[in-house]
Structures are given as C-alpha cells and as structure tokens.
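Trainee: Residue numbers (the UniProt record's numbering), protein chains in the order written: chain A, 1 to 108; chain B, 1 to 126; chain C, 1 to 81.
Since the hints were derived computationally from the structure, they do not count as laboratory data. Careful, some of the hints might be misleading.
[Unchecked claim] If you want a taste of the chain A side facing chain B, the calculated C-beta under 10 Å gives, among others:
(1) 54
(2) 63
(3) 66
(4) 90
(5) 97
[Unchecked claim] In silico lysine-lysine, DSS-like type, Cα no more than 30 Å apart, as pairs:
(6) 58(C) x 14(C)
(7) 98(B) x 50(B)
(8) 78(C) x 14(C)
(9) 85(A) x 20(B)
(10) 20(B) x 59(C)
(11) 20(B) x 82(A)
(12) 60(C) x 14(C)
(13) 82(A) x 78(C)
(14) 60(C) x 85(A)
(15) 85(A) x 34(A)
Source: prediction; values computed, not measured. Glycine included, every Cβ here is placed at the ideal spot set by N, Cα and C.
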Amino acid sequence: MAATAALEAAGDHQLAEITVEEPLDLVRLCIDEKIYVKMRNDRELTGVLYAYDQHLNMILGGVVEVITVTEIDPETYEEIYKETKREIPMLFVRGDGVILISPPTRGS
Amino acid sequence: MLFYSFFKSLIGKEIVVELKNDMSLLGTLDSVDQYLNMKLLNVEVTDAEKFPHMLAVRNIFIRGSVIRYVHLPADEVDVELLQDASRRDAAQAKASAKVQASQAKSQQQKGGHGGGGGERAVVPAS
Amino acid sequence: MAAPARTNPSDFLKELSGRPVVVKLNSGVDYRGLLSCLDGYMNIALEQTEEYVNGQLKKKYGDAFIRGNNVLYISGSKTKK
Chain A
1 MAATAALEAA
11 GDHQLAEITV
21 EEPLDLVRLC
31 IDEKIYVKMR
41 NDRELTGVLY
51 AYDQHLNMIL
61 GGVVEVITVT
71 EIDPETYEEI
81 YKETKREIPM
91 LFVRGDGVIL
101 ISPPTRGS
Chain B
1 MLFYSFFKSL
11 IGKEIVVELK
21 NDMSLLGTLD
31 SVDQYLNMKL
41 LNVEVTDAEK
51 FPHMLAVRNI
61 FIRGSVIRYV
71 HLPADEVDVE
81 LLQDASRRDA
91 AQAKASAKVQ
101 ASQAKSQQQK
111 GGHGGGGGER
121 AVVPAS
Chain C
1 MAAPARTNPS
11 DFLKELSGRP
21 VVVKLNSGVD
31 YRGLLSCLDG
41 YMNIALEQTE
51 EYVNGQLKKK
61 YGDAFIRGNN
71 VLYISGSKTK
81 K
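With these hints in hand, go ahead and build the complete structure from the sequences.
Mentor: Structure, rendered in structure tokens:
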C-alpha cells in the first residue's frame, strides 16, 4: 500500500513509469519493444509493440506470423507439424484472440 | 477509444481486414465505430478462389468481433503518436479503475448493497 | 496455516502473489511460474514461466502476461523453484 501512496503522490505523469503492480503494466513496459504473442488457432506473432489497450487490442510493426498446423499421417498416424510464415509490416491485432504476451529477448 | 480514434484517422485509406474465418478483404475504410465495426468500399476478396460468393460484393459492413487482424498501411501510421497515446490510455484506465474501486468500497461501508452479512464485494485490486 | 473462518476466492488469489503457481488454460496448456500479480479480469503476470503441453515442457518465458479469458484455474504449486 505504501507503494500505491507513493505512486499517487508522484502524480499522473510519473504514474505511467513505475513498477508492475497489475498485469497490464507488464504490457505497458513492452511498448517499443519486440514482443512475442501467442494467439488462438496455433498462431504466433513477433513484432514491435506500438500500441495496446485494456482488451489487448494491439498494433505491431515488423510482424512475423507463424501458423502451425498439425496433420496426422494417414499411414503411420504420426503427427506432422507444418509451419507457415508470413511477414506483415504493420498489423492491428484484435485482443480477443490473444492468449499470452511475452518480451521474447529474455524468454523463449 | 484509442483504436477507435486511430481507425478514424485511417478513413479513406486502403486496408486489408482479415476475419476469423480466414477471409481477407481489401478495401477502402469508409467508417468505423466504437466497437471497431467497419465499413469498407470497393472491396476485393484477396483469395477469390476460396470465397467465390464474395466476388460480387462492393461495399461491406464488418462486425468488429469477427475481425482477427487489420493489415495497415505502414507509412500512414505514426508510431510515436501511438506509443504516447497508449501510455496515456493506460494511466487513464488505471485512474478510473481506482475511482471505481473506492466508490465500491464506500458503498459497502454504507451497507449500500444490502444483505451480504459479512461478505465482501469482489473488487479488482487497485 | 489454518485459513481464516470465511474468506472468498479473491482473498485466496491475493495470498498467491509472489508464490509459485500453476495456471491451466481452457486449451489444456499449463503454465508454471511465480505469480507477479493479477487483476479482476484474471489477467495474470508470471515470472520464470514454463509452458507445459500434454505434460511436456515446451517453452520458457522470462515474463509472461496471460489474458484472463483463457484461464481455467490458478492453483498454488508446492514445487519450490
């Protein structure tokens, strides 16, 4: 709670800068950073985060999208993974498809 | 509201709207609303072989919730403006969440909800 | 560690902050990591996150934000990291 009081004292300007006190702060700290986004339907994106809102609608730049499709080999019944890659210079992503967001440099 | 304003600034520009059913529509953005419903003019389906029934469509209204992506014209996007707007939007959302939380709290103290002996309202942590 | 007589689910979640947790998503994927924080939508921030698909470790993330609508449950994890 002391932290919250300090934040309030710091005023609205500084409010934007300090600490991760709620999950969306993590996303805020990724602005202008390259991020990894896991989407529904086995889609993955990497790109630079330029904008986002509470719904996780986002605008990403220099996007690479990877779609993974699983097929079953009709003879051996083995799972075959196929990846399709796409590059998109500037992309708006609707938030309802988002599962996970991570700054990729430290992870994966 | 951030993205509503953003898309308003793109009215008259060509965009590709990619839907959750994998259909992609190229067209000129004619209008947009707060739900990010969009109206496109001079529409072309990018994969006409897969969606031949769309060939005759010129103008289309798209419900926001069926959109997966919108491919944007990169040179029409001011990324610095977007970054600043996002930070401002985040601070604003936080401030209004805080106000709501404290209002809910004072409601409780007044017993505003009635009933609920000993129960506490679930309030998102501020 | 006897729990107070009457708590509610969000009190439980508050207690989990900073602790190792397992988050299961609707898709069946599990995430194990340290819970940094969460909000009223059940959006979750995790540290040192491991992604398990069908019980197998698939990937690691330094930090991860999980959108709340995908969450099936959040569980305290005994395994110390």
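Trainee: Tell me the hint numbers this structure goes against, listed in increasing order.
Mentor: The structure conflicts with hints 3, 7 and 13, although it agrees with all the remaining ones.
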